[in-house]
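> So you can see what is in the structure, the chains are spelled out below.
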Amino acid sequence: MNAPAAARPDVVQAVARGRRRRASRRLLIVLTLAALVAAGFAVTLMAGRTFYPPEDVVRVILGERVPGATFTVGRLRLPRAVLAVAAGFSFGLAGVTFQTMLRNPLASPDIIGISSGASAAAAVAIVSFSLGGPEVSVFAIVSALAVAMLIYALAFRDGVAGTRLILIGIGISAMLESLTAYVLSRAAEWDLQEAMRWLTGSLNGTTWQQVLPVLGALAVLAPVLLSRARDLSAMQLGDDTAAALGVRVERSRVAVIVAAVGLIAFATAAAGPIAFVAFLSGPIAARLLGPGGSLLVPAGLVGALLVLAADFAGQFAFGTRFPVGVITGVLGAPYLVYLIVRTHRAGGSI
Amino acid sequence: MTTYHTLAAENLTLGYGDRVVVTSLDLAVPPGAITVVVGANACGKSTLLRSLSRLLAPREGRVVLDGKEVHRTPAKKLARTLGLLPQSPVAPEGITVLDLVSRGRHPHQGVFSRWTAADDAAVAAALEATRTTDLADRAVDELSGGQRQRVWIAMALAQQTDLLLLDEPTTFLDASHQIEVLDLLTDLNRDRGTTIVMVLHDLNLAARYADHLIALAGRRLHASGTPAEVLTEENVRTVFGLDSRVIEDPVSGRPLVLPIGRHHVRTAPAAT
Amino acid sequence: MTLTRTAAATCPDAALVRRPARVRVLWLLVAVLAVAALMVASVALGSRDVAWADVWAALGGADRSLEEAAVTKRIPRTLLAVVTGAALGVSGAVMQGVTRNPLADPGILGVNMGASLAVIVAVAYFGLVSPTGYIWVAMGGAAAAAVFVYSIGSLGRGGATPLKLALAGTATAAAFASLVSAVVLPRNDIAGGFRLWQIGGVGGASYERIGQVLPFLAAGFAVCLLCARALNSLALGDELAAGLGERVAVVRATAALGAVVLCGASTAVTGPIGFVGLVVPHACRLLAGVDHRWLLPFSALGGAALLVAADVVGRVAARPEDLEVGIVTALIGAPFFIHIVRRQKVRDL
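For the protein sequence lines, the chains are A, B and C, in the order given. By the count of this note's numbering, the first sequence reaches residue 350 at its end, each step adding exactly one. By the count of this note's numbering, the second sequence reaches residue 1272 at its end, each step adding exactly one. By the count of this note's numbering, the third sequence reaches residue 2349 at its end, each step adding exactly one.
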């Protein structure tokens, strides 16, 4: 082994100190985010048309029968809140993974076709085949994975260039959206409303049956992603540099894509393609944490927070009840404007 | 203190798609020396380097490190012995020097490893060797070309490899920065015994800094040896399609290649 | 000569062959004939079978039998397809020229979505009903979206690369789509009609509507054709173009304006139809080369041909229903788009 020409001890100290300082700052931010998610969770359980105090909520969670609360909190709000957190976390995690891997904050799975695959399948399932709940999920998952594989296969030529992958994803997305629009246009009135809600993402009427697969997917796929966090950081430096650092780039990329797509598919099948959560979580997390560290967990937490807040707002902040997807979707445009303004002022880059 | 490794290519044929770039190349990299690869554009220099560092699988033949085929060696294990600085590395926006150099420790860390004192020491040593310690908290995109290149070299150094491959490390730098980087690499070679293989496009810099020079032409190895052996007027003509006079560089004593074009050639009889 | 060679950076194949004007004129005539033939086909074919006698009679103005009535309905539809197809073809070609982006298309760049959003907001909140009003509003929305997307796409290193523009366009289109949902969802009264319009079709054609949109399209065509020569210079890059005496910013803005007018106006009448602007210019470059003075007319004819053909396919393949044009173009266009992406060297993107 190469003997390190010994560095001056004070330099080593400074390096170690710098690293520790950054690590503790990051930890603080992550803990704060987690606390906010927990708080949001609690609030959505307690607040609403009727307010239930914390003791009642806790008793319901513990399984006791509390008149009134058991139904509202236990059957309506609790699964909804759990799904909000689980789906939001999944979207955030998957979104930041794609953005990191493809080295572009605009390259989010809801833009490059993965979500379109899931929602096109859902539209077909609901409108053309009149399927319900779990079958729709299965359809959506299979589609999302199939679309992802198709995009990957089409983009493969002596290895996959991120650019090509993204563009092909956009092309496929356009096709799928067109298909979706067609299917919707043929729908009978009542199907239309429900399908539309579904297609912009909604947590209405969530049942435990819908939530459990998402939790399962998180339990299995999230560790896959988190274990590759370091590889992802290396891949940010370019494929060649990452390979030079010992990353099996193709292998890592496939594992990471499959895990991320799986997370998206399961979450979309349960909650619909909640617009822009995958897109926004990564950049928001990056703003909070600064460059350099792994953004996976922070982005997941931001996603969870976004969905919780948007769903709550959609239910109670306006005259009409808007599904969560419309609220988050509407945030997209101002965010893009903000990007323009901030970048021009700072003279920096996206 | 440094282990000397033997890196060699045997009967190597490389290509992309249906295009063959290098044919039947045999090459032995002298351990502990600075080897420079030169050749005309698109003649396979970068391709060769990528193959030596396992980035590109050979069509035929093999690349051997200490007797073991490089493409059969696990990537992380190889990365602890052989480092590569590719041509246009990408730095994520806003990343600090310290963060970037720390990424060089990747081959030494498993999924669950925590940062150890050895990691910190390696990073610190790398910063010192490249004299970038003062830049540690600055963002990489704010640095000058020469500084940025030193930082990338620091990252490669933090890997603590005995072999370092660099693909055109000086191409986008101005003259003073080019010398800065090449002197740094020479320091590394002299002080630590790091074996260095690099692609340079400037013949005269290659002549000055190389212990061993390799010239590629027509998809083959055309000549290899010391700069004096390789840089003859005939070789320059074959490899670069360039007429020239080769004299002794008054500064370093190495060969100096003077190109002869269609203009600005003195017609007065030169002293032979 | 130099122009042709260097402008080939955007399309490797097309330009290295010298095209004498004679050959191009010939191809132009072929194109015109093709469009004419397609127009006849469009009138003769459809979900209901008709005989040639009926076609002749209907063209002459007769309207007695069911068959003749069917033919009579197809005529404005065909005309609309021709006119908007031409508009979209030229619009796409100009966008590709202005952005030097082989992937530019009013759909991908989110411009169509901007037009949709503007129209729906006007209908929902301002009670807009006049068709000419739709056209103006759609053009405004298209222009705003174009500016927006270009700004976002230009952020960061490298300026407005094709990749970043495509991404910016898609992200913007998604954001606008959400805004549209937000507006439409609570309004059951307009939801159904809007959904139909959103798909993009020539179904609701009438002579009246064609008459309303024609002046706008004519203006758009005129502006684009005037910029054709300047677009050739622009293809070399901003600095070279300026060196050749072009006022780059002015040309860009004018050409973009022309493109926006064309696609905004046609979107107002047919709804957003994607991919015509992408596919047609690429195909036409193979015939016409990269000289915009030829490319634009060819794109117009090509766009007309494509849209009429798509409409015929939509009516014949999905009998007895109609498959809207927007769907057919997407189903053809997307694979073509992917084909282009796969063929290009990644560096060029």
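Careful: at least some of the hints might be erroneous.
Some chain A residues flagged as far from chain B (calculated, every beta-carbon gap over 12 Å) [as the list claims (entries may be wrong)]:
id: 1; residue: ASP10
id: 2; residue: LEU28
id: 3; residue: ALA234
id: 4; residue: GLY319
id: 5; residue: ALA333
Across the chosen pairs, the derived CB separations fall in these ranges [as the list claims (entries may be wrong)]:
id: 6; chain 1: A; residue 1: PHE316; chain 2: B; residue 2: THR1116; range: 34 to 40 Å
id: 7; chain 1: C; residue 1: GLY2245; chain 2: A; residue 2: ALA317; range: 24 to 30 Å
id: 8; chain 1: B; residue 1: ARG1220; chain 2: A; residue 2: VAL138; range: 55 to 61 Å
id: 9; chain 1: A; residue 1: PHE318; chain 2: C; residue 2: GLY2133; range: 27 to 33 Å
Note that these hints are calculated values from the structure, not bench results. Cβ coordinates follow ideal geometry from the N, Cα and C atoms, glycine included.
> Each hint should be assessed against the structure and marked as holding or not.
Cross-check of the supplied hints:
no., hint, result
1, ASP10, "violated, 9 Å"
2, LEU28, "holds, 18 Å"
3, ALA234, "violated, 5 Å"
4, GLY319, "holds, 41 Å"
5, ALA333, "holds, 23 Å"
6, A:PHE316 to B:THR1116: 34 to 40 Å, "violated, 51 Å"
7, C:GLY2245 to A:ALA317: 24 to 30 Å, "violated, 57 Å"
8, B:ARG1220 to A:VAL138: 55 to 61 Å, "holds, 57 Å"
9, A:PHE318 to C:GLY2133: 27 to 33 Å, "holds, 28 Å"
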